[in-house]
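Q: Here's the letter readout for the chains.
4 protein chains.
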Amino acid sequence: MSDQPSELDRPQVDTLDGLLGKPLRVLDDGFVRVVDYMGSDAAVVQAARVSYGTGTKRVHEDRGLIRYLMRHRHTTPFEMCEIKLHLRLPMDCWRQWIRHRTANVNEYSTRYSLAIDAAQQTDRGEWRLQAEGNRQGSAGKLGAEQGQQLSQRERELQARAQQVYRERIGLGVAREQARKDLPLSTYTEAYWKIDLHNLLHFLALRMDSHAQQKIREYATLIGQQIVAKWCPLTWEAFVDYRVNGTSLTRLDVEVIRALNQGGSERAVVIAQELGLLQTGKRGWKRNRERAELEAKLNQLALAIPWGEPPGD
Amino acid sequence: MSDQPSELDRPQVDTLDGLLGKPLRVLDDGFVRVVDYMGSDAAVVQAARVSYGTGTKRVHEDRGLIRYLMRHRHTTPFEMCEIKLHLRLPMDCWRQWIRHRTANVNEYSTRYSLAIDAAQQTDRGEWRLQAEGNRQGSAGKLGAEQGQQLSQRERELQARAQQVYRERIGLGVAREQARKDLPLSTYTEAYWKIDLHNLLHFLALRMDSHAQQKIREYATLIGQQIVAKWCPLTWEAFVDYRVNGTSLTRLDVEVIRALNQGGSERAVVIAQELGLLQTGKRGWKRNRERAELEAKLNQLALAIPWGEPPGD
Amino acid sequence: MSDQPSELDRPQVDTLDGLLGKPLRVLDDGFVRVVDYMGSDAAVVQAARVSYGTGTKRVHEDRGLIRYLMRHRHTTPFEMCEIKLHLRLPMDCWRQWIRHRTANVNEYSTRYSLAIDAAQQTDRGEWRLQAEGNRQGSAGKLGAEQGQQLSQRERELQARAQQVYRERIGLGVAREQARKDLPLSTYTEAYWKIDLHNLLHFLALRMDSHAQQKIREYATLIGQQIVAKWCPLTWEAFVDYRVNGTSLTRLDVEVIRALNQGGSERAVVIAQELGLLQTGKRGWKRNRERAELEAKLNQLALAIPWGEPPGD
Amino acid sequence: MSDQPSELDRPQVDTLDGLLGKPLRVLDDGFVRVVDYMGSDAAVVQAARVSYGTGTKRVHEDRGLIRYLMRHRHTTPFEMCEIKLHLRLPMDCWRQWIRHRTANVNEYSTRYSLAIDAAQQTDRGEWRLQAEGNRQGSAGKLGAEQGQQLSQRERELQARAQQVYRERIGLGVAREQARKDLPLSTYTEAYWKIDLHNLLHFLALRMDSHAQQKIREYATLIGQQIVAKWCPLTWEAFVDYRVNGTSLTRLDVEVIRALNQGGSERAVVIAQELGLLQTGKRGWKRNRERAELEAKLNQLALAIPWGEPPGD
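Chains as they are written, first to last, in this note's numbering: chain A, 321 to 632; chain B, 321 to 632; chain C, 321 to 632; chain D, 321 to 632.
Treat identical chains as interchangeable: a pair holds within one or across any two.
EDC-like mimics (lysine to aspartate or glutamate), calculated; alpha carbons at most 16 angstroms apart, straight line:
no., residue 1, residue 2
1, Lys342, Glu327
2, Lys616, Glu574
3, Lys342, Asp329
4, Lys605, Glu381
5, Lys549, Asp337
Since the hints were made in silico from the structure, they are not lab data.
The following block holds chain A by itself, in its conformation from the complex (with noise of 0.2 angstroms):
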């Protein structure tokens, strides 16, 4: 590493200076701002490039050396980019992003200070219904007349929960005890610093669809106005390998490896003694390892050879 540079300028990502300290919005009053960043792709190469020293050919092109960094999870080189953004999101939203423990935080603190005026509504066209199947998810909407009876009573309770908050203040209670009923669509406010490949976990987790319908909004802003343009070919190869890619296990590997090698009737052998194929009532037994097989199946345009399950 003789030949390291001994002067340097801060990397510095022109569309991203372009937003700092601007407020991205998100629901009704919240927002996402860019504060401060450290590094940039060229940073992750940089990084990557230390394990390499001077007699190394540089055969890669950056591009070409943040994909394969990505695809083999070479994780380090990501954790030499920083990035710390000022939030202003619902408490329950809150509570699930905290969960992240390798960030650096500052919330709003409501013991020093009175809590933040405003709690998150939801219009009356937004109420969204219990899936089914999916214990954890949301599907499809409430009518309008019910979302217009909810929403007038959420802002009711809403109101009454300030109302209560303001007169303990004005009796002189301790502003950590006064709090203590506010509804957790309250607004917060945090600095929040996390490094790139951290923060590429955070968004592979919270852009999903399992995630909770509200911190999805602000990863997808974080992800595609943010990381995009600070990161483009992080962004790129993330959005290519982890977003976009899928897994197969080893049972999926061994059906779809019978299936294009013996056909059908081999792939429903295979499935039998691997335990994805069991006989119920009606039909397959149900078995979710076997569903998700059927998902992949589908998305790699392969019939299922067990027809659909009978009775499923």
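Guided by the hints, dock chains B, C and D onto chain A, whose structure is given.
A: Just chains B, C and D, lined up with the frame of chain A:
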């Protein structure tokens, strides 16, 4: 380390075994239960002695070694013990708790399940007044009449919030959305697993008189009723050095030294040079660092050399 | 969770208890000993079910639940198990090991004690050749004669280094300085404590065929002889999904899909559009991503649509 | 926080910018280079003020706020600054360095590249004697003649090791195996990125007089030549409170208090009650905690009430 035994029993702490699974009550409806643990004082000693190798005479008794480690912040041996707790606590308390990033956590999910139908309630005699000089604390209680009124309003608000939640669930709203206006006082539960070093760090911060009242109750119980039984020597050292110890800054040391060497006059000169004594409109200018030094002088039974700051 | 038992026994795994303290040999003079553990497959399930609450029917069998968690990377329940190992390994192996930052560590100190008088030695038949295409790996062995010579030189060098070390110690040189020229092959020892999730991550990386040979031997032993006994259901899922699973990128999916829908011709068009097939001087231009896709096609028993890349 | 500016410039520290990329020399062939940084003293203040919200009067000056945060171990605002260094250091020094788990790291790989052809050499005047009472330290120097001899042997051993390494490489041995007997004094390089809070923790431990000599030289340089320029207010507070501060245990406080209230006699009684003064065969029994208290009494210019321990 050639003299390591080739058979081992798992360390066991009888006094803690008696507690396993028993809910220790906190607040009106919270608890802490010990689910499992790894190690004991003996495991701290065992790990510390890895550093000494076979040739070392075991001159230190276990207690002396543990105290030495604690005093000199040799923290890694304390990481060799681990405890798993089952907690039930209000969400506004959990919001602080979860900021400690070094633990393993599984929280009750209000996306998968209905929210716990219990919120922490405040007795009429338990409403605390905001402290004056200390924006984060509380001091004294509200009168009984006002307390009565606040507790009444609290119950109404919590009931109202629960009603709104049930209405949403009844109409089929997705659980992840229905929960959005639950009050922060709603109880949640979690499994929380942490090593002894990080637990002590948590306790040092959360048993402190500056900590939020409710989290202090949990922390104090965990310390006094669990850690004290689990690792009594470690607990004793922790109490002697962290809980009941104090720290002196360079400025503190210089002033105390001057006081002991040259008396009050010399101490005042030094304090002035250090910028601790500046004349304001009325007496000494407020100075937080001086105020803290004065408290320490008091604690050490040393007279404050500049007298009570005039007019402060 | 009101139906939690109010008494608990510590989870115990008999097959693992039989191993406690027994050194499992690795390399010529290394070992792994299980010192203690917390939890088992049952603890993973227990933690996962916190999320489901009392109202939930326990439809999943334990095995199914563990497999589901592993497949969908719900990692926190696996963090509820913890294991403590006593390791003896060469320092150049430890240098890689310690890069995993999520463990608790106490290493033998050569500042407090004399360095361990043992270095890892290489048998004449064990000298591996540098792999051609793969700069980090090895392939094949050196001939017996050269191996003999290298092993001889190794012994001499190690003896010489030990002699220099002893001379320094004899003259009273500080241990922290005397050790400075010990060879990386010198053995060290450590207590290493880690949760099951992070252990599996370690194993996924270090059992891999791209990992350094020596650390692979340790990782393989820990996986197959320890984790497989400690948490057999978790281990089975890990092997099915991580060790023997594979991942498909968006590009892989698109090519395979085209192949199944439109045959080879269509797949070639898509691969070209995706930049995977560019004509070079002799046949297709080298492309690492295409090479990896070809390996996956092979694994799935699909023919490579562009034939063997001409002249590559 | 509604008054947040909607445009921001990246914080910049001119005195540090002048250092970017310049290797600051350590030992005979090591260096530290600042590659990039995020934030400054102002970023610490900015993050701390998130907790205060819009309604708060900014009564604290920046310096006062930073000092308050440091004194009371409000550590999160310091995590909002980040620095990235390029290090060149001997492997035995790196072995200690890497134990700090909170940094991001990319190390030069001797699997991908040939090992760096440089080992740290010890001048004949630099051989240090093992300290007597303190098993981890060193004290005084070896005489010139013996030093001469040791330096000569060192050079021979390092040359021999390099020769063996080259021979293996020449015969085609895999790099990951060829390196196995390199001396610990061999230089390595790394990119190392860490936040300011964790960096200060590293410095507190590694600038300490008990730290290994070589890592102290790196730590001292990083503190005095880099952090002092980057965040001068933070550095000043760190030096006043951590480096030059001291801590008193409960026992220390009780003895000093007794001394100030009741004179030597009373202090001796208290010290006996606390178990600090036990009569041994010759004078007081050795007691490490008492010895540390005596050092603190000295520092505070207080006479040791029990006189010099007789016969110790």
